[in-house]
Each structure stands twice: as structure tokens, then as C-alpha cells.
Amino acid sequence: PYNATLSVHQLVENADEVMCLDNEALYDICFRTLKLTTPTYGDLNHLVCAAMSGITTCLRFPGQLNSDLRKLAVNLIPFPRLHFFMIGFAPLTSRGSQQYRALTVPELTQQQFDAKNMMCAADPRHGRYLTAACMFRGRMSTKEVDEQMLNVQNKNSSYFVEWIPNNIKASVCDIPPKGLKMSTTFIGNSTAIQEMFKRVSEQFTAM
Numbered sequence: 004p005y006n007a008t009l010s011v012h013q014l015v016e017n018a019d020e021v022m023c024l025d026n027e028a029l030y031d032i033c034f035r036t037l038k039l040t041t042p043t044y045g046d047l048n049h050l051v052c053a054a055m056s057g058i059t060t061c062l063r064f065p066g067q068l069n070s071d072l073r074k075l076a077v078n079l080i081p082f083p084r085l086h087f088f089m090i091g092f093a094p095l096t097s098r099g100s101q102q103y104r105a106l107t108v109p110e111l112t113q114q115q116f117d118a119k120n121m122m123c124a125a126d127p128r129h130g131r132y133l134t135a136a137c138m139f140r141g142r143m144s145t146k147e148v149d150e151q152m153l154n155v156q157n158k159n160s161s162y163f164v165e166w167i168p169n170n171i172k173a174s175v176c177d178i179p180p181k182g183l184k185m186s187t188t189f190i191g192n193s194t195a196i197q198e199m200f201k202r203v204s205e206q207f208t209a210m
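Using this note's numbering, read the sequence shown as starting at 4 and increasing by one per residue.
Honestly, the hints are just simulated from the structure, not real lab data.
One or more hints might be untrue.
In the DSBU-like style, the derived pairs of lysine-lysine whose C-alpha atoms are separated by at most 30 Å in a straight line are [stated by the list, open to error]:
#	residue 1	residue 2
1	119	146
2	172	119
3	119	38
4	184	158
5	119	181
6	184	146
7	119	158
8	74	158
9	146	172
10	38	184
11	74	119
12	201	119
13	201	38
14	74	146
15	184	172
16	172	158
17	119	184
18	38	181
19	74	172
20	181	74
21	74	184
22	146	158
23	172	201
24	181	146
The model shown is predicted, which means the values in this text are computed figures rather than measured ones.
The whole structure should be built from the sequences, with the hints applied where relevant.
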């Protein structure tokens with residue numbers, strides 16, 4: 004809590020984009036979704052790697068709808084100080100059931116917006132999304148991706164602020180991650196991130 008609190012000033016003033024990761028949320032994903040009984044730091048790092056490599060995938064591989072960190076910043080940050088993002092990754096499946104899982108764009112979309120998938124211990128249902136970005140990887144049609152994004156916005160319009168229209172950005176990269184046919188990484192700029200700051204602040208005060 005001390006390091007986290009003392010770093011906030013630098014992150015607010017000097018960083019352009021901050022991806023918030025949380026051991027608590029990562030352990031939660033390991034226990035609940037991946038069904039691991041004793042997750043190690045290796046398992047946590049594996050999750051972090053999957054998400055972070057998904058974010059930078061468009062810088063490294065060709066794609067139909069490419070994006071880079073600058074485009075991300077332009078699309079995700081409505082006000083300069085609001086650059087703290089929640090990230091998620093899909094598909095997250097326990098290793099045993101991976102080969103039985105058929106992946107589709109609607110399923111990936113649904114899973115990536117799921118609160119259980121967030122790698123930061125804040126519940127997006129307790130806030131509203133200012134903006135969001137979805138980085139898809141694998142062979143899929145951009146039309147299907149766009150339809151799903153529109154679908155999400157129409158069905159869950161109460162979770163998105165109304166003063167930023169079309170606030171979901173999607174990008175599609177042709178090369179899937181190793182061992183998967185398709186995957187997606189989610190980056191959300193949500194007001195629910197305040198839960199994380201409040202929790203760190205409480206722990207800091209307690210110490």
C-alpha cells in the first residue's frame with residue numbers, strides 16, 4: 004500500500020496510460036476461473052503476460068484493423084488525468100477444459116466484459132464506462148466484431164456514459180496467441196476504478 008500510494012502522484016502527472024493490475028484480482032481469477040488450488044507467482048505472471056501482450060499485439064503483428072498506443076490514448080482518455088484502465092483477457096479457461104471450448108466472437112465479447120475477468124479488484128458494474136477498447140486476435144471478420152461492439156453498447160447502455168458517443172474501440176490482429184485460435188484483450192476506462200484507489204487508501208491509513 005505504501006509503494007502504491009506514493010507512486011500515484013507520478014502516475015497521475017507523468018504517465019500517459021496506466022494499466023491497473025491487482026494481485027487480489029489475479030488470485031481470484033486463478034481460484035475461480037482457472038480452478039487452480041495453489042496458484043504461484045508464475046501463474047499470476049502468465050495472466051499478466053497474456054493481457055499485456057494482447058495490448059501491444061498490434062504494434063508487433065499485421066492486422067485488419069490496427070491500433071497503437073497513441074490511438075489507444077486518443078480513444079480511451081477523455082480528460083488527461085483519467086488514464087487509469089482496468090484490463091481483462093478472454094478466453095480464460097482451466098487448462099483441462101481448454102481443448103473442448105469452441106471460441107466465437109460473441110462468446111469472447113461476453114467474457115471480456117464480465118466483471119470476473121477484470122485483473123483489477125474493482126467491479127465495473129459499480130461504475131460506468133467512459134470508454135473501452137477491445138483488441139481481438141485471430142481469424143475473424145471485422146464486420147462481426149463491429150456488430151458485437153454495437154450489440155454490447157445497445158444492451159448495456161446504462162453502463163456507458165451518454166456524453167461520449169461510440170465509446171468502444173475495436174482492433175483486429177490476424178495472428179492469434181500461441182495455443183489459441185482467437186483471443187481478446189479488454190481495456191476499460193471506468194469510474195469503478197475508484198474502488199481500487201479507496202482500498203489502497205484504507206490499507207495505507209491502517210498502516
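Against the structure, the hints:
1. 119 / 146: holds (27 Å)
2. 172 / 119: Since the Cα atoms of residue 172 and residue 119 sit roughly 21 Å apart, the hinted pair holds (cutoff 30 Å).
3. 119 / 38: Between residue 119 and residue 38 the Cα gap is close to 13 Å, so the pair holds against 30 Å.
4. 184 / 158: holds (27 Å)
5. 119 / 181: holds (23 Å)
6. 184 / 146: Since the Cα atoms of residue 184 and residue 146 sit roughly 18 Å apart, the hinted pair holds (cutoff 30 Å).
7. 119 / 158: holds (19 Å)
8. 74 / 158: Holds. Residue 74 to residue 158 sits at ~26 Å (cutoff 30 Å).
9. 146 / 172: holds (13 Å)
10. 38 / 184: holds (22 Å)
11. 74 / 119: holds (27 Å)
12. 201 / 119: holds (20 Å)
13. 201 / 38: Measuring from Cα to Cα gives roughly 29 Å; hence the hint holds.
14. 74 / 146: Holds, at roughly 20 Å.
15. 184 / 172: Since the Cα atoms of residue 184 and residue 172 sit roughly 22 Å apart, the hinted pair holds (cutoff 30 Å).
16. 172 / 158: Between residue 172 and residue 158 the Cα gap is close to 17 Å, so the pair holds against 30 Å.
17. 119 / 184: The given pair, whose Cα atoms are some 22 Å apart, holds under the 30 Å limit.
18. 38 / 181: holds (21 Å)
19. 74 / 172: Holds - the C-alpha atoms of residue 172 and residue 74 are around 10 Å apart, at most 30 Å.
20. 181 / 74: holds (25 Å)
21. 74 / 184: Since the Cα atoms of residue 74 and residue 184 sit roughly 26 Å apart, the hinted pair holds (cutoff 30 Å).
22. 146 / 158: holds (18 Å)
23. 172 / 201: Holds. Residue 172 to residue 201 sits at ~28 Å (cutoff 30 Å).
24. 181 / 146: Given that 30 Å is the threshold and the Cα spacing comes to 24 Å, the pair holds.
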